[in-house]
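*Asks:* Spelled out, the chains give:
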Amino acid sequence: MTSNSLPMDALSEMPESAEATKPSINKPAPAVTTSSNGRELTPFAQMIVRQLNKLQKGSPVASGEYYGQPGAGDSRIIALFSTLFFIGLWALVTETGMVRPLFLPSPVDVVARMVDITLDGFSGATLGQHLAASLGRIFGSFALACLIGIPLGVAIGCSRVMRGIFDPLIEFYRPLPPLAYLPLVIIWMGIDESSKIMLIFLAMLAPVVLSARAGVSSVKIEQIQVAYSMGASRRQVVTQVILHGALPDILTGMRIAIGFGWTTLVAAEMVAAERGIGFMVLNASEFLVTDVVIAGIVIIGVIAYLFDMLMRYMETKLVPWKGQI
Amino acid sequence: MNKLKIHDVSVVYPAAQGGDPVTALNEVNLTIEQGDLVVALGASGCGKTTLLNLIAGFIRPTDGYLTLGDSRIEGYPRVAVGLDIGDEVTGPGADRGVVFQKHALLPWLNVIENTEFGLKLQGVDKQERRERAAKFLKLVGLEDFHQHKIYQLSGGMQQRVGIARALTNDPQMLLLDEPLGALDALTRESLQELLLDVWRETHKMMFFITHDVDEALLLATRLIVMSPRPGRITHEFELNFNQQFLETRNARQVKSSPEFIAMREKILAIIHGDEIAA
Ligand SMILES: Nc1ncnc2c1ncn2[C@@H]1O[C@H](COP(=O)(O)OP(=O)(O)OP(=O)(O)O)[C@@H](O)[C@H]1O
Ligand SMILES: [Mg+2]
Numbered sequence: 000m001t002s003n004s005l006p007m008d009a010l011s012e013m014p015e016s017a018e019a020t021k022p023s024i025n026k027p028a029p030a031v032t033t034s035s036n037g038r039e040l041t042p043f044a045q046m047i048v049r050q051l052n053k054l055q056k057g058s059p060v061a062s063g064e065y066y067g068q069p070g071a072g073d074s075r076i077i078a079l080f081s082t083l084f085f086i087g088l089w090a091l092v093t094e095t096g097m098v099r100p101l102f103l104p105s106p107v108d109v110v111a112r113m114v115d116i117t118l119d120g121f122s123g124a125t126l127g128q129h130l131a132a133s134l135g136r137i138f139g140s141f142a143l144a145c146l147i148g149i150p151l152g153v154a155i156g157c158s159r160v161m162r163g164i165f166d167p168l169i170e171f172y173r174p175l176p177p178l179a180y181l182p183l184v185i186i187w188m189g190i191d192e193s194s195k196i197m198l199i200f201l202a203m204l205a206p207v208v209l210s211a212r213a214g215v216s217s218v219k220i221e222q223i224q225v226a227y228s229m230g231a232s233r234r235q236v237v238t239q240v241i242l243h244g245a246l247p248d249i250l251t252g253m254r255i256a257i258g259f260g261w262t263t264l265v266a267a268e269m270v271a272a273e274r275g276i277g278f279m280v281l282n283a284s285e286f287l288v289t290d291v292v293i294a295g296i297v298i299i300g301v302i303a304y305l306f307d308m309l310m311r312y313m314e315t316k317l318v319p320w321k322g323q324i
Numbered sequence: 000m001n002k003l004k005i006h007d008v009s010v011v012y013p014a015a016q017g018g019d020p021v022t023a024l025n026e027v028n029l030t031i032e033q034g035d036l037v038v039a040l041g042a043s044g045c046g047k048t049t050l051l052n053l054i055a056g057f058i059r060p061t062d063g064y065l066t067l068g069d070s071r072i073e074g075y076p077r078v079a080v081g082l083d084i085g086d087e088v089t090g091p092g093a094d095r096g097v098v099f100q101k102h103a104l105l106p107w108l109n110v111i112e113n114t115e116f117g118l119k120l121q122g123v124d125k126q127e128r129r130e131r132a133a134k135f136l137k138l139v140g141l142e143d144f145h146q147h148k149i150y151q152l153s154g155g156m157q158q159r160v161g162i163a164r165a166l167t168n169d170p171q172m173l174l175l176d177e178p179l180g181a182l183d184a185l186t187r188e189s190l191q192e193l194l195l196d197v198w199r200e201t202h203k204m205m206f207f208i209t210h211d212v213d214e215a216l217l218l219a220t221r222l223i224v225m226s227p228r229p230g231r232i233t234h235e236f237e238l239n240f241n242q243q244f245l246e247t248r249n250a251r252q253v254k255s256s257p258e259f260i261a262m263r264e265k266i267l268a269i270i271h272g273d274e275i276a277a
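Just so you know, the sequences run in chain order V and D.
So that you can map any letter, position 97 of the first sequence is 96 in numbering that gives the first Met the number 0, and since no number is skipped, the others follow by simple counting.
So that you can map any letter, position 154 of the second sequence is 153 in numbering that gives the first Met the number 0, and since no number is skipped, the others follow by simple counting.
Treat the hints with care, since some could be wrong.
As the list claims (entries may be wrong) - Residues from chain V that face chain D, not an exhaustive set, calculated with beta carbons under 10 angstroms:
| # | residue |
| --- | --- |
| 1 | Ser232 |
| 2 | Gly244 |
| 3 | Ile296 |
| 4 | Thr315 |
| 5 | Val318 |
| 6 | Gln323 |
FYI, nobody ran anything at the bench for these hints, they're computed from the structure.
Note that the structure is predicted; figures quoted are calculated from it, not measured.
Ideal Cβ positions, reconstructed from N, Cα and C, are used throughout, including at glycine.
Work the whole structure out from these sequences, hints included.
*Replies:* Here's what the structure looks like:
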């Protein structure tokens with residue numbers, strides 16, 4: 000009986016009530032009643048096996064779900080417990096006074112502070128205003144980076160001339176830390192909104208361009224050749240084959256870019272900002288208001304996470320074939 | 000009447016790291032005329048796919064040239080070639096349809112969209128291209144799978160979509176690189192019959208690569224046997240087993256005739272000779 004993938008060996012250690020039976024061809028025993036070495040299981044053991052089987056989903060096993068990449072499968076329940084565990088740990092060490100509130104305020108204090116700054120504000124603006132300022136910068140830069148980066152990356156991937164022109168430029172600035180060129184951006188663009196957007200935009204541009212370019216070169220040569228031999232023009236090959244084929248990589252690049260954007264946001268808001276979640280955190284840290292610092296960090300983390308989930312959802316909708324073919 | 004001519008064509012692939020350049024084809028000559036169903040057989044690595052890529056216009060010969068009708072097939076446009084025949088230079092095009100060994104379908108399109116893709120590129124209106132695609136999907140036995148995604152099909156079904164796609168595009172010439180290799184015996188036979196029917200009706204030129212001697216003998220009007228290192232055409236046979244098959248519709252009967260068996264032995268001897276020498 001191999002139809003059960005459950006730990007039969009452990010169950011077969013249980014007290015036996017029946018002697019060994021041979022599986023009969025005419026009358027196949029129900030899958031559950033014998034253990035791997037052919038011995039009949041006690042009713043109690045059968046019940047356990049049945050319950051354990053119920054825990055597993057009844058859907059057909061996808062190829063590679065078990066004997067595929069190690070670690071495939073659903074981890075959401077584990078993630079939930081892990082999250083609760085760490086919040087619990089946080090509450091424990093703070094509420095018992097093991098860690099002083101100056102270093103780590105308790106979750107309750109942080110939540111209370113969040114409510115407080117939502118209503119009354121902190122350093123000159125409410126939480127909503129700080130958030131709106133930051134989200135405007137992030138998503139404004141993101142839209143700009145996608146609008147410019149995706150066509151540019153595709154063009155670099157598709158054209159020798161474009162590659163020649165832009166490759167050195169992008170490869171040169173890409174590894175530079177945004178803080179290194181921040182002064183330059185300020186000298187050029189001043190200290191108002193445009194320099195902040197520019198800084199975040201620059202941080203986001205490189206991953207978008209590079210992933211679009213990688214996406215172009217990941218398109219299978221046979222798909223391109225077949226398109227040509229069905230009469231496609233060069234332009235049609237780009238719009239009908241390459242753009243679609245590059246989409247999975249482009250979406251990955253967009254996810255990475257948003258991550259870079261959050262990283263750069265605080266740097267951008269260091270300079271002459273009056274609003275922004277990064278500014279709020281910096282300002283709070285100067286006055287050692289740790290609960291605002293933590294509140295800001297949690298908010299950034301949660302928003303970034305939610306956006307990433309949205310992107311992943313879009314991935315399953317837009318490129319359901321990713322990795323399938 | 001269009002004709003494909005291959006004149007003294009050689010293809011030398013540049014050396015891999017630390018190796019010698021590979022002469023994949025050496026001074027190959029071949030003419031394919033309207034109504035020819037040319038089947039290429041030969042040991043692995045003898046340059047069959049290279050020859051198909053040349054005809055399709057995907058690669059350019061190192062030496063020699065190819066013409067289709069009045070135009071010259073070039074892997075990509077060359078500036079100032081100094082052509083001595085024809086004026087036009089053509090790369091790959093809708094006149095030569097390709098079916099690859101492994102399907103090259105577009106996974107973001109479903110089955111019917113893949114099949115009509117070529118017509119869409121050419122701007123045929125939706126109603127008509129749907130009809131034509133549906134006709135060929137039915138012929139390959141996939142009439143119930145129009146809306147399926149490519150990755151929801153089995154390997155053999157994917158390959159059949161690839162064949163339907165090439166046929167829907169109605170090219171002058173079909174280039175098929177081991178198109179039926181991945182199929183089960185039954186489907187394979189029905190698709191052989193389908194291709195022969197299409198060929199008889201339309202008199203398309205076909206260039207068909209296979210490893211299967213029986214398949215080669217059953218389909219070919221002309222069989223070329225190639226041999227490796229350097230790749231060249233060593234034997235050529237005119238055959239008419241496909242006429243017998245189209246009359247009787249009985250592959251097993253044709254294949255068990257004494258002439259067929261004798262021919263098969265002859266071909267196998269040649270190929271085995273090559274494989275031992277290689
Ligand atoms: N892109 C390439 N670069 C370098 N060498 C190549 C390339 N493509 C093919 N070759 C070489 O050319 C020779 C012929 O290859 P080709 O693919 O035409 O063989 P084939 O007859 O189609 O073989 P098979 O029956 O295994 O498909 C081989 O020796 C191969 O190593
Ligand atoms: Mg080949």
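*Asks:* Next, verify each hint and record whether it holds.
*Replies:* Hints, verified against the model:
1. Ser232: With Cβ-Cβ at 8 angstroms, under 10 angstroms, it holds.
2. Gly244: OK, holds: Gly244 of chain V within 10 angstroms of chain D, min 8 angstroms.
3. Ile296: violated (39 angstroms)
4. Thr315: Since chain D brings no Cβ nearer than about 13 angstroms to Thr315 of chain V, farther than 10 angstroms, the hint is violated.
5. Val318: holds (7 angstroms)
6. Gln323: holds (4 angstroms)
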